[in-house]
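Student: The listed protein sequences derive, respectively, from chains F and H.
Per UniProt numbering: the first sequence = residues 1 to 582.
Per UniProt numbering: the second sequence = residues 1 to 204.
What the hints contain is simulated information worked out from the structure, not anything from laboratory work.
Among the clues, some could well be false.
[As the list claims (entries may be wrong)] Think about it this way: if two alpha-carbon atoms lie no more than 25 Å apart in a straight line, the pair counts; the simulated PhoX-like pairs of lysine-lysine are:
{"no.": "1", "chain 1": "H", "residue 1": "Lys-31", "chain 2": "F", "residue 2": "Lys-214"}
{"no.": "2", "chain 1": "H", "residue 1": "Lys-61", "chain 2": "F", "residue 2": "Lys-326"}
{"no.": "3", "chain 1": "F", "residue 1": "Lys-136", "chain 2": "H", "residue 2": "Lys-125"}
A quick note: this is a predicted structure, and the numbers were derived from the prediction, not measured.
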Amino acid sequence: MGGCFSGDLQGGKQAIGGVQQRPTSTINNNAAHNDAVDFFFRSRGQFPLFSQIELSLSGSNLIDRDITSKSDPMAVMYLRKKDGKLEEIGRTEVILNNLNPKWIEKITVSFQFEAVQTLVFHVYDVDTRYHNVPVKTLKLKDQDFLGEATCVLSEIMTRPNRSVTLHLTGNFGAGVNRRLGTLLVQAEETIASKTVVEMNFRCINLDNKDLFSKSDPFIRISRIVENSGAVPICRTEVVDNNLNPVYRPVCLTMQQFGSKETPLVIECFDFNSSGNHELIGKTEKSVAELQRLCLQREVANFVYPSMVHDNKVLKGKLIVDRFEEKVQYSFLDYISSGFELNFMVAVDFTASNGDPRNSSSLHYIDPSGRLNSYQQAITEVGEVIQFYDSDRRFPAWGFGGRTSDGQVSHAFNLNGASYGDEVVGIEGIMAAYGNALRNVALAGPTLFSHVVDRAAHIASQSLSTNSPKYFVLLIITDGVLTDMAGTLDALVRASDLPLSVLIVGVGNADFKQMEILDADKGSRLESSTGRIATRDIVQFVPMREIHSGQVSVVQALLEELPGQFLSYVRSRKINPVGAPAV
Amino acid sequence: MSSYSTTMKRSLEIELISAEGLRIDRKPVKKKTFCVVKIDEKRRDSKLDELGGSYPIWNDKIETELPINGSVRYISIEVFYRTSGGCEKSIGYAKIPITDFMGGFAPHGHLNFLSYRLRDEYGDKSGIVNVSIMVKPNGGDNNKYWSSPSSSSTVVAPVDYAKCSSQATVNGQMWRQKASTSSMSGYGGRVVTGVPVGCAYQQS
Numbered sequence: 001m002g003g004c005f006s007g008d009l010q011g012g013k014q015a016i017g018g019v020q021q022r023p024t025s026t027i028n029n030n031a032a033h034n035d036a037v038d039f040f041f042r043s044r045g046q047f048p049l050f051s052q053i054e055l056s057l058s059g060s061n062l063i064d065r066d067i068t069s070k071s072d073p074m075a076v077m078y079l080r081k082k083d084g085k086l087e088e089i090g091r092t093e094v095i096l097n098n099l100n101p102k103w104i105e106k107i108t109v110s111f112q113f114e115a116v117q118t119l120v121f122h123v124y125d126v127d128t129r130y131h132n133v134p135v136k137t138l139k140l141k142d143q144d145f146l147g148e149a150t151c152v153l154s155e156i157m158t159r160p161n162r163s164v165t166l167h168l169t170g171n172f173g174a175g176v177n178r179r180l181g182t183l184l185v186q187a188e189e190t191i192a193s194k195t196v197v198e199m200n201f202r203c204i205n206l207d208n209k210d211l212f213s214k215s216d217p218f219i220r221i222s223r224i225v226e227n228s229g230a231v232p233i234c235r236t237e238v239v240d241n242n243l244n245p246v247y248r249p250v251c252l253t254m255q256q257f258g259s260k261e262t263p264l265v266i267e268c269f270d271f272n273s274s275g276n277h278e279l280i281g282k283t284e285k286s287v288a289e290l291q292r293l294c295l296q297r298e299v300a301n302f303v304y305p306s307m308v309h310d311n312k313v314l315k316g317k318l319i320v321d322r323f324e325e326k327v328q329y330s331f332l333d334y335i336s337s338g339f340e341l342n343f344m345v346a347v348d349f350t351a352s353n354g355d356p357r358n359s360s361s362l363h364y365i366d367p368s369g370r371l372n373s374y375q376q377a378i379t380e381v382g383e384v385i386q387f388y389d390s391d392r393r394f395p396a397w398g399f400g401g402r403t404s405d406g407q408v409s410h411a412f413n414l415n416g417a418s419y420g421d422e423v424v425g426i427e428g429i430m431a432a433y434g435n436a437l438r439n440v441a442l443a444g445p446t447l448f449s450h451v452v453d454r455a456a457h458i459a460s461q462s463l464s465t466n467s468p469k470y471f472v473l474l475i476i477t478d479g480v481l482t483d484m485a486g487t488l489d490a491l492v493r494a495s496d497l498p499l500s501v502l503i504v505g506v507g508n509a510d511f512k513q514m515e516i517l518d519a520d521k522g523s524r525l526e527s528s529t530g531r532i533a534t535r536d537i538v539q540f541v542p543m544r545e546i547h548s549g550q551v552s553v554v555q556a557l558l559e560e561l562p563g564q565f566l567s568y569v570r571s572r573k574i575n576p577v578g579a580p581a582v
Numbered sequence: 001m002s003s004y005s006t007t008m009k010r011s012l013e014i015e016l017i018s019a020e021g022l023r024i025d026r027k028p029v030k031k032k033t034f035c036v037v038k039i040d041e042k043r044r045d046s047k048l049d050e051l052g053g054s055y056p057i058w059n060d061k062i063e064t065e066l067p068i069n070g071s072v073r074y075i076s077i078e079v080f081y082r083t084s085g086g087c088e089k090s091i092g093y094a095k096i097p098i099t100d101f102m103g104g105f106a107p108h109g110h111l112n113f114l115s116y117r118l119r120d121e122y123g124d125k126s127g128i129v130n131v132s133i134m135v136k137p138n139g140g141d142n143n144k145y146w147s148s149p150s151s152s153s154t155v156v157a158p159v160d161y162a163k164c165s166s167q168a169t170v171n172g173q174m175w176r177q178k179a180s181t182s183s184m185s186g187y188g189g190r191v192v193t194g195v196p197v198g199c200a201y202q203q204s
């Protein structure tokens, strides 16, 4: 904070919403409707008791924590869990020097009808030197707190305009009772739509707003929402010192623009480092009208709104150089078209799990036949994966155990066979596991790299036969890892293959290492040789969260898989089997 | 080494896609940037990105050839910025071992999306560069040494390469297995020499 005028402003100039940096990046807050979970329930005649809700946030009269300029606010949304802990759901972008921010980045949450879902919002002033880093990687304790607000999700959903204004509160020392401003939360149900439009915008003859140089224009697109004005949906990058700017492609989903007939407000601003962006001109066009502009090679005039006279028509014009309507297939489109998901299972046989004869062991063989922690995890997780695996045949391995030949193996066949590692169904995994437990002595160290490499090898074989397959390696472990560097190397090497790694943690160990592998904080995994993971392929699920009822096993397991799958197929422009090329 | 190995070449399609978080002296880059790929002293430049600052997007495709007689083990990628005076200054540099897109997990014709850490002349992190590399699946018979995943030579190599981080002994095994492929022996041996950098780091 402070010194915003002299500091780095780059951070405030990037495009927000609808522009993708890498072809393989996964969608962040705007994660698509998770149809995988839905499908699982529906196929069993159950209907999931939730729907996906998208929240738009805007603040007004926030307090000023910067000395020489205004606050640079960002909002973070949490869900308060049963035990009172806060689970982060999503973050908005940072808006520069603005006490009345309208955040563009939306936050998606699933609305469960039967549960009381308490949402907690924290608003922060983000320090200037963090403006250029992805918001997900920001450490919140380094930022200035601007206040918090709480509400229950159903409270928003039952209002006629589906929005609620909350007063921000905060503890700023004794006797300090300041007005901290308000936070407006607007909710909308997400729609499972496949249409995406990509447009290239250009402007010509924009008015000059700067004294000593030319304007630094950017375009902001907002959708008009009934009863509550306009909600910004996307913003282009800032082109410095240019009255005829050409912008990078803007990609809008139907979720963002509503329908092709919904009027959109397209405003062109002169970027100002004080946060006081000056309006150059605006125009109102629906997506259908933008398409027509492009087809007929017409231009739209910007107008300047005026209170007294009619709106003043400006010389400045908006041109749509390219308009492309695409179909963005969903996870289910791929799966139902015959794209196969293939699961592989690897079970931790390291000594850190405890002696199987000891009842405190995670591998305890209970004479009464009660399931141990691993067996519980296998049956619960197995039910979900065998639903999505078309042939129910799983290669199954163990790692970190001393096999009958006296050697410690980091990828032995669970069924004990020297050739052929496949087992059939949950029963097959359970039988092979029971068998292995009797024949394999728990040892160490805990290395994931061998099973990850074996899985990567299987996944790479499908590439050369060009078969529509995607692989998921399920590692069931107590989470104590000996060789972090080797694991990172293996995961980075496998990150460009049609493969995801799902780590299920049993027991109550410290899962910090697993959280690092699950690169959800926004930083990408890096190998010791300097190669960076192409995409996030790891998801970590602690069983204790499932058993405490905080999240269902289906939801937990399938939370990231659809996104990881889509990042793979979309980056390679792979379509569902038999679908026309887009 | 066999006679034809000195003349063997592969055509590559390299796309210089983008970079993230480019920094000079820990400060974000605000200048115009471009990316350079060098194979065996042959240099190809991307076009200049004028909008992205420290997050440039080039999306520039380059067709080139890679000699595979063992003389080239790395492709180097370097990102530069252009000063207002028109000079080129380096931001950071990355080496791509050719085993990352050839002879490893991916068959020919597979579009490899690869990302690397850029480091400046002092070895400090200066960003991430994203590229894609495709080895064109032509060239007749020679293909089988690289693409067929069923042949043990190509499959075993990457797997063992992984193991070298934890078990030095396996490393030895790998050399023998690689060397057993007659015509590729020289190549296989040399390629792997690039690997122990990481191993040394991990074992220390």
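Student: Each hint needs a verdict: does it hold in this structure or not?
Tutor: So, going through the hints one by one against the coordinates:
1. Taking the CA atoms of H/Lys-31 and F/Lys-214, the gap is about 18 Å. The hint holds against a cut of 25 Å.
2. For the suggested pair H/Lys-61 and F/Lys-326, the alpha carbons sit about 23 Å apart, so the restraint of at most 25 Å is met.
3. Restraint check: the Cα-Cα separation between F/Lys-136 and H/Lys-125 comes to about 20 Å, which is no more than 25 Å; the hinted pair holds.
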